[in-house]
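Visitor: Sequences are here, hints too, so could you generate the full structure?
Residue numbers (the UniProt record's numbering), protein chains in the order written: chain A, 1 to 319; chain B, 1 to 290; chain C, 1 to 428.
The hints are simulated quantities; they were obtained by calculation from the structure and are not laboratory data. Treat the hints loosely; a few may be bogus.
For lysine-lysine, the following BS3-like pairs were computed, each having C-alpha atoms within a straight-line distance of at most 30 Å [as the list claims (entries may be wrong)]:
#1 156(C) <-> 370(C)
#2 313(C) <-> 406(C)
#3 322(C) <-> 413(C)
#4 322(C) <-> 77(A)
#5 131(B) <-> 200(A)
#6 131(B) <-> 427(C)
#7 131(B) <-> 287(C)
#8 131(B) <-> 382(C)
#9 313(C) <-> 77(A)
#10 187(C) <-> 268(C)
#11 413(C) <-> 314(C)
#12 77(A) <-> 187(C)
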Amino acid sequence: MTKNNKALVGLLLAGIAMLMLPLVISSFWLRIVTGAIMWVGLAQSWNMLAGYMGYVSFGHGAFFGIGAYVTAILMAKGLPFIGALVLAALVTALFAAIIGQPTLRLQGAYFAIATWAFAEGIRQLVLVLPFTGGANGMRMEAFLNENFFYYSMLLVSAAAVAVTYFLFQKAVFGLRVRAIREEETASQALGLNTTAIKVKVFALSALFPGILGGVYAYWITYIHPESVLTPLIADQMVVMALLGGLGTIAGPIVGAMVLFLGNRILWVMFGDTSFYLVLLGLAIAIVILFLPDGIVSLFTRKKKTGEGISKENVRNITG
Amino acid sequence: MELLIQTIINGLLIGGIYITISAGFTLCFGVLHVIDFAVGEWVMLGAFITFIISTSTHIDPFLLLPLIFVMFFIAGYLLQPTLQRVITKNKSNALLMALAFTFGISVLFKGAALTIWGFNERNLVTILSGKSISLLGINIPSLRLGTFVFAIIITIVFLWFLQKTRFGLAVRAAAERQDVAGLMGIDSNMINKVVYAIYTGLTACSGALIGAIFSINTEMGVRYTIFAFFVVVAGGLGSIEGAIVAGILLGLLNSFISVYIGGQYVFLVLFLFLYLILLAKPKGLLGKGW
Amino acid sequence: MRKRINFLWITAFLLCLALAVLSAGCGNKEAATTGDSKEQGDVFKVGVLTSLSGAEVYGGNITKRGYDTWADTVNQKGGIKVGDKQYKVQMFYADDQSDPASGADAVERMITKDKVDFILGPYTSGVTLAAAPICEKYKVPMITGSAESPMIWQQKFKYTFGTIPAVNLTASYPVNTLVSDIPGGAKTMAILAVNDAFSKAVAESFKATAEKLGVKVVKYDIVPAGTDFTPLLGAIKGLNPDVVAVGGHEKEHMEVIKSAKSLGFLPKAFLMHYGVTNPDFVKNLGKDAEAVYGASTWTSDLDIADALFESSKKFVETYKTKWGDEPDYTATGCTVAGEVFGAALEKLGAKPPLSESDREAMVTVLEDIKVDTLYGATSFAKEGDNYHNNTGLEGLTIQIQGGAVKIVGPKDKKLAEPIYPAPAWDKR
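Guide: In structure tokens:
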């Protein structure tokens with residue numbers, strides 16, 4: 001059996017296991033796993049932008065919130081969930097494309113903080129707009145079907161992972177994106193339209209959080225600015241991706257699982273004290289300290305998956 | 001007219017508060033090139049420790065400032081090598097790794113504070129609390145004035161220290177090019193430790209002042225992380241002069257929006273403003289950012 | 001290789017630490033649930049969902065204290081009487097991290113893992129709104145002793161009840177007192193609030209009542225959390241209103257008082273809701289807290305008979321010895337939430353563990369129940385905008401006098417004369 005085949009079989013088995021999961025675990029753990037899967041999708045989307053293109057966004061929580069709010073507003077207007085969700089996805093991606101144009105001119109810490117400022121701006125805007133319910137938030141009719149939400153989250157997050165794999169790891173597009181990460185000016189000199197690529201990646205990495213936000217809103221049935229637009233959402237995406245391993249496909253998956261499940265397990269164990277926060281903080285700091293390439297670096301020797309840029313690749317990129 | 005002057009004064013004094021939070025923070029960024037996510041938690045710890053010492057010894061918090069500075073200077077000095085390890089191990093992503101590391105530290109601090117000191121609201125009382133100087137119908141809150149004076153003193157000391165002392169020269173050299181500075185015989189590890197220690201010490205002191213002006217609880221950190229980020233970014237990362245200008249400007253904006261546009265829109269306008277500054281002048285208001 | 005060794009070492013260390021804490025935690029748990037029975041089915045399992053971390057940690061712990069006071073007293077007295085037997089209660093706590101999603105997870109856990117018979121609900125309205133659908137799904141009744149947003153009751157959740165009247169009901173009382181009851185009462189008012197669901201509802205209620213009574217509202221501003229109040233108060237000082245009314249929590253109220261004093265500004269009255277009834281408010285502000293008005297549904301001054309504690313005075317004593325502070329109306333509302341469950345169980349006559357039909361029957365019992373508790377007559381509305389909320393109570397106007405919370409209105413209930421205008425800052 002070749003290595004590829006092995007991986008394929010493993011993936012297939014994992015896929016079947018994920019599909020069968022609701023049959024074997026309790027409804028409580030299904031909820032927790034649903035949450036964890038949502039975070040896998042969120043961390044992976046952030047990874048597209050930060051891991052592959054080198055643009056660190058601290059405002060990605062805003063797209064989650066925009067998706068949630070657009071879905072809620074449209075459903076309040078009488079649209080069915082799926083229709084509202086599709087529209088919310090489009091609105092989020094379009095919005096990201098528009099906001100991306102000017103913001104992506106910034107680099108490094110400045111880009112990070114500009115996205116953060118913009119996300120805070122959105123939160124403040126939602127607080128004062130007339131149709132968002134302001135601080136009261138919005139409530140939706142409850143649809144109490146845990147399996148539905150599990151499979152929805154699974155679908156969206158799996159799509160985010162697949163897009164990362166096929167588009168960023170395998171396709172030429174991914175090479176171009178990584179060229180921007182390594183040497184932006186040089187890529188420009190090679191004739192790449194870096195602005196167009198950057199905006200595309202930004203919109204794509206906003207699309208999935210938008211959809212996940214919509215599903216979240218319908219799942220939890222109640223959203224308000226403090227829950228779907230808090231800066232903590234972006235912070236967690238960042239920490240999860242870093243914890244697992246930046247710029248790798250497995251990193252955000254592992255990071256999200258470890259952090260979210262770790263939080264919930266500590267919380268189940270010590271839920272009646274605040275001490276679990278101490279353990280959580282300690283664990284994050286220690287992993288970053290001793291495993292700077294993330295948890296996945298324990299299992300792989302390569303620093304970053306995704307090949308470097310060889311001469312041949314340069315031809316591919318520009319061709 | 002009176003309202004206008006009062007609004008300007010209030011704005012300047014808020015600016016003073018912003019400057020105290022961000023002076024150390026911006027120096028830390030300028031030299032270490034690290035954004036400390038736990039800045040708000042240093043503020044919180046500073047406020048709590050001052051509260052505890054002040055209530056048990058009945059010494060005025062203003063007199064405790066040197067002690068707080070020394071205590072947190074030591075704490076920062078001891079913590080910095082760990083942070084340094086995170087930065088040097090991952091040079092290409094130093095900024096990001098440091099952010100994630102300090103995020104962990106901030107969760108840790110918050111959890112520890114909550115476990116140890118509980119959830120109660122505290123209030124730090126100083127000799128200046130509740131007093132004001134009134135001039136022709138204008139009131140200047142003494143405590144805020146004290147904070148403003150503190151802000152001016154520390155920035156003057158800072159600038160003097162950076163421009164006129166040998167150590168300051170070394171710090172500036174390290175801020176420019178750490179590797180070259182190392183070749184010139186500058187112990188950059190030592191410098192990094194001292195700079196980080198100054199930052200934690202000053203931030204803790206600002207915590208004491210903030211605790212006296214506003215209130216103290218274990219969740220207060222986030223609010224001040226936001227302000228610190230704000231001022232430091234608008235001023236240009238790493239620029240102390242920029243932080244002063246940005247602090248004052250944002251204080252004034254805050255005050256004017258509250259009074260003339262509506263308190264509802266304070267943060268909306270502020271964040272929009274910050275975003276636009278970044279787009280238009282990415283190196284900060286004075287263009288002196290790192 | 002070295003990296004792996006480091007990692008293993010650290011993991012081992014963390015595990016040891018976790019184990020150490022776990023064993024310490026278990027020790028605590030045994031101590032906390034006094035005399036919990038070993039036999040399964042001999043106790044009522046009670047889920048407590050509240051904010052033990054996150055932004056609302058203060059209020060979350062206040063509600064927990066209220067619930068604990070009830071549980072410990074019930075257990076001391078032998079338990080809840082069902083038929084001729086008594087059953088103790090066992091508490092299961094879950095932290096909602098002040099976040100609706102975590103709250104929903106927590107409810108799911110308490111219901112499906114711990115198999116709780118009923119739930120004592122969250123501190124915040126947001127978590128209540130996210131937790132309620134899950135209680136519906138499993139048909140588990142929940143009474144919240146704290147959440148006050150009118151939005152909850154408009155959703156008409158069958159299994160969710162509340163002991164504290166919605167805030168739009170309570171907040172009108174002090175405005176009435178200040179305008180109508182006091183000779184030469186307030187004519188102008190400035191209203192500030194923090195932009196969260198609860199505080200905004202407070203401000204809206206203040207405004208509606210004031211305008212109804214013909215008071216001129218000179219300033220109305222809903223500011224985002226974390227705003228510095230000084231510039232706003234500087235502007236309000238220029239408008240010179242009789243009353244400055246603030247919607248928020250103890251933290252904001254402290255900051256408003258400190259800001260106003262440092263500007264040398266003192267309106268004839270400060271009116272603040274919620275948080276001035278919290279002991280921390282007076283403790284932190286001292287004399288500056290004097291003469292501040294607030295709203296409440298209960299104070300420790302009242303003397304009301306009670307089945308469990310004998311009287312509200314006895315309750316205050318119990319609470320004080322336990323926690324070192326006086327209870328305010330939120331903590332008390334939480335204790336009463338427990339008492340209402342106890343009364344419903346006695347009436348229902350069902351033994352633990354409650355079956356699904358028991359729990360359904362309990363909702364019917366709760367809908368018809370009228371309990372005279374230390375909180376006053378408690379009963380839940382069966383229809384309308386206050387569906388399943390306690391409408392048996394009336395609001396109270398309270399004022400801080402001599403460092404204590406005193407009832408100064410409405411007229412037929414007052415135990416002290418309202419002080420108006422407030423004495424100057426330096427004459428206290």
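Visitor: Confirm or reject each hint.
Guide: Hint-by-hint comparison with the structure:
Pair hint residue 156(C) plus residue 370(C) holds up; C-alpha atoms about 20 Å apart against a cutoff of 30 Å. With a CA separation close to 15 Å, the supplied pair residue 313(C) and residue 406(C) stays within the 30 Å bound. Between residue 322(C) and residue 413(C), the direct Cα distance comes to roughly 29 Å. Compliance with the 30 Å bound is thereby established for this hinted pair. With a C-alpha separation of about 51 Å, the suggested pairing of residue 322(C) with residue 77(A) is violated against the 30 Å cut-off.
About 57 Å separates the Cα atoms of residue 131(B) and residue 200(A), which puts this hinted pair outside 30 Å; it is violated. The straight-line distance between the Cα atoms of residue 131(B) and residue 427(C) is roughly 14 Å, inside the 30 Å bound, and the hint therefore holds. With a C-alpha separation of about 14 Å, the suggested pairing of residue 131(B) with residue 287(C) holds against the 30 Å cut-off. For the given pair, residue 131(B) sits about 53 Å from residue 382(C) by alpha-carbon distance, which is inconsistent with the 30 Å threshold.
Between residue 313(C) and residue 77(A), the direct Cα distance comes to roughly 52 Å. Violation of the 30 Å bound is thereby established for this hinted pair. Note on residue 187(C) and residue 268(C): the hinted pairing holds, with a Cα-Cα distance of about 11 Å set against a maximum of 30 Å. Distance restraint check for residue 413(C) and residue 314(C): the Cα-Cα separation of roughly 21 Å lies within the 30 Å cut-off, and the hinted pair is therefore satisfied. Only pairs whose Cα atoms come within 30 Å are accepted, and residue 77(A) paired with residue 187(C) is rejected, the gap being roughly 42 Å.
The structure does not agree with the numbered hints 4, 5, 8, 9, 12 stated previously, though it agrees with the rest.
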